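Visitor: I would like the entire structure built from these sequences, with the hints used as guidance.
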Amino acid sequence: MNNGFASAALISLIYTLLIFLIAWYAHHRKVTGRSIVGNPYIYSLSIAVYCTSWTFYGSVGRAATTGIDFLMIYVGPSLTAFTWFFILRRMVQISKENNITSIADFISLRYGKSLWLGALVTLIAILGIMPYIALQIKAVSTSFYLISGFQGDSFRIPHGSSELTVPSGFILALILSIFSVIFGARRLVSSERHEGLIAAVAFESLIKLVSLLGVGIFITYQLFDGFSDIFTRFQTLNPEKFRQLFTLGASSGSPGAIPPFTMLFLSMGAVMLLPRQFHVMVIENSDERHITKAMWMFPVYLFLINLFVMPIALGGILTTGSSAGADFFVISVPLATGHSGIAMLAFLGGLSAAAGMVIVESVAISTMLLNHIFMPVIVRFTPQAWFPLLLINLKRLGIFLVIFLGYFYYRIVGDSFMLVNMGMISFSAAAQFLPAMLGALYWRRGNRAGAITGILLGFLTWFYTLLIPSFSNSGWISKELLTDGPFGMQLLRPSAMFGLNGMDLWSHSLFWSMLFNISGYLICSILLRQDESEREQVRKFIGAYELERRQHHHTEVKRLSKPVTISQFVSLMTKFIGETEAHRAIESYRGNRDLDADGNVSEFELPNLKRFTEKSLAGSVGAAAAGAIVDSFLSDMGSRMESVYDIFSTVRTSLDQSRESLFVRLKASEIINRTLDLQIIMDDLLTLLLKEFKLDAAIIQLTDEDGTCSVKSYQGSNRHPITDRHWYMESRPYCEAALATCKAQFINDTGLAPAASLERTIAEGFISCAHIPIMREGEPSLGVMSVFSKSISGLFTEEFISLLSSLTGQFAQAVTIVHEIEAREHERVQKEQALLKNARVMRDMEIAQQIQISFLPESPPELFGIEMGGRCMSAAHVGGDYYDFFRRDEQTVDLLIADVSGHSVGAALVMSEVRTLLRAQVSSSHNTSSILQSLNSQLYDDLTRAELFITMFYAKYNATTGRLSYANAGHNHPLIFRNGQSPCIELDAEGLILGVKRSVVFEERSVELLKGDVVLFYTDGLTEATSPDGDMFENGRVCSQLGRVSHLQVHEIIDSFYRAVTEFTGSTTLQDDISIVVLKIL
Amino acid sequence: MISRFRYRLLHRLQLRESWVIFFIMGIIMLNFPFLNIFNKSDAILGIPLLFLYFTVGWAISIFVIYLFTLAIRQSPDTHNGTKEP
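Chains A and B are the protein sequences, given in the same order.
First residue of the first sequence: -5, per this note's numbering; consecutive thereafter.
First residue of the second sequence: 389, per this note's numbering; consecutive thereafter.
Simulated from the structure, these hints should not be mistaken for lab results.
Remember, it's a predicted structure, so these values are computed and weren't measured experimentally.
Please note: incorrect hints may appear among the correct ones.
To be verified - Below are the SDA-like pairs computed for lysine to any residue, each with C-alpha atoms no more than 20 Å apart in a straight line:
(1) A:K685 to A:T702
(2) A:K107 to A:N387
(3) A:K706 to A:T717
(4) B:K428 to A:S222
(5) A:K235 to B:N427
(6) A:K287 to B:R461
(7) A:K287 to A:Y35
(8) A:K235 to B:D430
(9) A:K287 to B:N427
(10) A:K287 to A:F297
Unchecked claim - Residues of chain B placed beyond 12 Å of chain A at every Cβ, according to the derived structure:
(11) F393
(12) Y395
(13) L397
(14) R400
C-beta: ideal position from N, C-alpha, C; glycine also.
Guide: Encoded structure:
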């Protein structure tokens, strides 16, 4: 043994110890609750277990022989990363919800938990992975020879007088197996994540990246002068080889060539479907949010690790002179140039690449082996105490089996294949899962028969066209099979099925296996039906799954808003196992866990705590009941039925009670919780009672709002329509007594009941009955539940009555809640209607206002020698103000201003009537008093009916005479401002408000207007405008304001009044409508 | 302006269709009609054309995925915020 061997062995040993240390540390951190593995970076690195010694050695070998197409193996997965957000995320979600342990588990679960499918997937995984493991063993042992300078392929161990010859590959396989057992099969918890394993794998991914980058930089920049230097030198030295390596398809004639598309397709599938990839990506995923990061970090990793492959390959050819042994350039080039340190780094990288892959792969497959091959057999035997020991050892055996199958494959196939081409055989096997997998996620019709047929056909084709030919060089199978086909049938040659010549082995196999696989899957899925168990799984996996997820999301939000606390669990447990026990249990649970101070339970902790609580309860109520209790407790947390659980507080004290009564309580609470429909609750509850207690009739009566009690539900025998002659009516007095006293009334022997009261009941065959009030503790009863028995007299013991009472208590709770909800609903509907009505009214008002405004004249008529103007400002919506101008001829104009009492649509309507009538009047009568008079008599009936009044001032101005004649029907007196006269002249005339008396005589007066006079007509809104102090605007202010602005133009005068009012009231919204009409003599 | 463009870009990337388009585009770029364009033994600045195509194209595709993940982070509804309130 030389020096190189010793140092290589030593370094391997130290490295191994380091890995163990890391794994141990990660495990330790996990136990103390501060996981180092739960982050996206470790997750991405662990996915990089995809890069095995295939990447490390094989890629360089491939790059040096067939050229750049090796990249396809890495570009494919990088492309697949695009789909992870949808596909991988969904796979992770499904796996977490169903506690899935492997890809076999995943596929078999989707297709109705099929045992056969699980076994088939496992079988394919084991056989399919053989070449891949062989590849690793080959790579590591070859690199070991290189680095140690060790010759021959076996160790000779002195054994007594003779020597024992042990092949080094065997030793390597043994070491790897032991390694894997330590990492993955120390204990028997397959659903739990292996944090130590993942930490180790992630570390190894880091090592191989650093190592390959190191070697790459060394060769590219140390031995050569950068990328372009290597490329240019190579091109000048060997232009033909350059062309061959840097173009695709140039080397298609050579035996190992695989078209890029085949490699792309296979690698895209393999990155998700290889058992170890599925394991690290799906099973070991700690948080689905990590996927988002990994989607770009994993491709970056692939990119970096491949960046220097081509330069290393070319550099190797340049250094060694040929592409022979190119698979190990990474080591041989540094060695050849005398840099053994770099070579050692490369060896370490290759070792970690291989070890990581073999460990994860064997652990993943042995889990499948245990769950899908061994378990189905074992569960047929009665469980024994030593079963766990057997199981864990079977799992270990699985690991050995997987690795040694690979070893034997290596021994047989040996050096006849390049590393990459061996790996592609495994990729092809994994690709057989693709149709069933995609179908599982996206195709509802995909069924078990289709999946089994497809996978089986694909597998057989793969086995025949790829695995068998791979043995051809070893002499295990006769060469004739390949050249002449089985039994001389040319059509069935494994490498040219049905005469498909001229394709390489891999594309050929891929084509046929996918063809059979996909068509088998599709045809069987379409032709055959799914059974119920499959359909249930389809719902879980597709479509409805999304929906459920959303609902799930809601409840989670709800729960988070009201976190579950430890004390709630304690009080739940107290009800069943007593306070001291509950506290002791929770203390033991708390012991080594890191819970926050208020005892809030995190989402992560909840499942554990739940399991623990169930376990604790199971001791006293049985496992099934415990599950039901905890489940319904959790689902009702923060929900309407929370207080129902107080009902259970009686359970503890009466644990000696029969299991049945506990069962009935649980069932009853389930029934009550299930729905808000009282009818369903009542029917189900009574049916439950009838069934569980051998009762013969049960009736629930509830009190209506008006206090009468009526039958709401009636189950059991003797069901005649309820009439006054019904036998049940005889029990009325008892029911009323139960209602009134809130105590259960029971008759254990109807024969002994007081005088002749229950004749018909006895005639029906009932011999005992009880009437239990439906009520909550301390509240009046809501109704009565009556139960009747034909078979047992003396049935109604105190215990039984108290059980029934607790049931009616639960039921009363539900009734109260339903009533509350109904009342709230009713109130809501009423409120809604009121709002709706209000909105409708508002809308009507707005329309009325529009109409009203349209009644007012847009602009006053123009008359020589005067200027007129008018405006109305409404306060609320519809006002009753009105003004108008009528021009009779060139000299005469009529002005009027009116105010209808009230602000309503009615006022607006009356106004429109006034307007119509006036238009007709104006043309006929000429003086103002007669206009008002006839208007009054015409409007009287309408106004009385509508209980409205109108005040109106009507004036007529003649420009030639300068006289203003007017009549007034109780309106505010208009004011005249005349220069030089300090108080304004008030225009007043006798007359009653319109609508008070049928016939009224109006006085007509007249006044002569002078040049410069300003007449102001206004409605009471102006004078009655109130300031914040409670003062009114009043005539005095109006007059002085008028004096101040009399020199202005009419519209400015009007403006100034509105300004003055807003200033006075200190508010921009008016208290009442204000209309102003101004007449100015020029 | 740039932030607006960035917002709109990320918004577009939230669409499921965008993912599919880029995925299919990737597959097309890696197959023959496209590969043939670069399948020549020429070299640019001493770097072989096909090698350059793969390296640059790959880097771009990774960047696109990175943009996608940014887009996911932006939108709270498609983001898998199921675990956090």
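Visitor: Of the numbered hints stated previously, which ones are contradicted by the structure, given in increasing order?
Guide: Hints 1, 2 and 9 are the ones this structure does not satisfy, whereas the remaining hints hold.
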